[in-house]
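Number of protein chains: 2
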Amino acid sequence: MSNRIITISRQFGSGGRTIGKELAARLGIPCYDQELIGKIAKESGFAESYVEERGEQALRGGFMASVFGDRDFYGHSNQDDLWNAQQKVILKLAQESSCVIVGRCADYILRGKADCLNVFIHADSNKRAERIVKQYGERDAAPQKRLQEKDKRRAAYYEFYTDNKWGAMENYHIALDSGALGIEKCVEILKDLY
Amino acid sequence: MSNRIITISRQFGSGGRTIGKELAARLGIPCYDQELIGKIAKESGFAESYVEERGEQALRGGFMASVFGDRDFYGHSNQDDLWNAQQKVILKLAQESSCVIVGRCADYILRGKADCLNVFIHADSNKRAERIVKQYGERDAAPQKRLQEKDKRRAAYYEFYTDNKWGAMENYHIALDSGALGIEKCVEILKDLY
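Sequence order for the protein chains is A and B. For the first sequence, the residue numbers in the numbering used here are 1 to 194. For the second sequence, the residue numbers in the numbering used here are 1 to 194.
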């Protein structure tokens, strides 16, 4: 397969999605982020809201119940169906064309199956807190708490389905601190590297 | 201070030192690696071999004994003297000119005290094993075991003196997989970034 895929994993609030979109635009290839949700919903038969809430992060307050408790007589759960649909969609996209895929364990799903550049974007938590308030507005929970919770849920999901550690640098070809380097610089580095 | 410092932390066998040397040569600034040892020896009064064995990595088989057991009546040890001398030398070099510093916790020592780009170089352990055999020759211990031991000792030293986690990506502005990207590409990326 001659398509080249950039997978972007990111801490919440680090601007990883923005970097992915901008990078894809400059490279003239599609970027899949929210678009994935619709595709996975269609593939799996689940509602988009269900895919969004469960397709990348551990379920708030009950992930282990959702993966273990929910299982039918044959030992599989809705959560597993969703994971399978997600794998199928991501593999299909990688076969269709070069692209950028943000999140959803794409780095793991495509390992050994596509020519990938695996990227991780992180930033200091103060910078991320500032960013999420600007981006998503104030909430009841303090920004630092929102960051922590979101990343914890992403990590739990990733680690359950992949057996790898989320955010451990050995899983990525390049990891960038978008807070220190700036979004624009990150896009440039990745564009040059691609 | 207007000097700009690049600190390179690296897994054993990842080629971090080679990248540092080449990068410094292209930027026309000094690279401190083995040169540090002589300077630290001079500053501290310890022999170079002592500095080399103890200045960056936990002592084989007895690091905790060396930092705790060795302490005099005032609670300090040779290991601490060495750490202090090392800090002094690294701070002084950063004040003298822009430079590349390989290893020796320079990223931590200069944090908030110099304008640093903190880099971590890592690679797949098979690639590193191949490299150390080429670079340093065969030894009694298997290459994989040598890698593990060396990195474990570096991590223990770093974590003892800095309270940070060695190789955790939040401590570095950029982390690169030299095995996948290649030494030359890493040098280019860092040169452009600097």
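Please keep in mind that the hints were generated in silico from the structure rather than gathered at the bench. Any given hint could turn out to be false.
Stated by the list, open to error - If you want a taste of the chain A side facing chain B, the calculated C-beta under 7 Å gives, among others:
1. His122
2. Met169
3. Glu170
4. Asn171
5. Ala175
6. Leu176
7. Asp177
8. Gly182
9. Ile183
Glycine residues also receive a C-beta, built at the ideal position from the N, C-alpha and C atoms.
Hint check, failures only: 4, 8, 9
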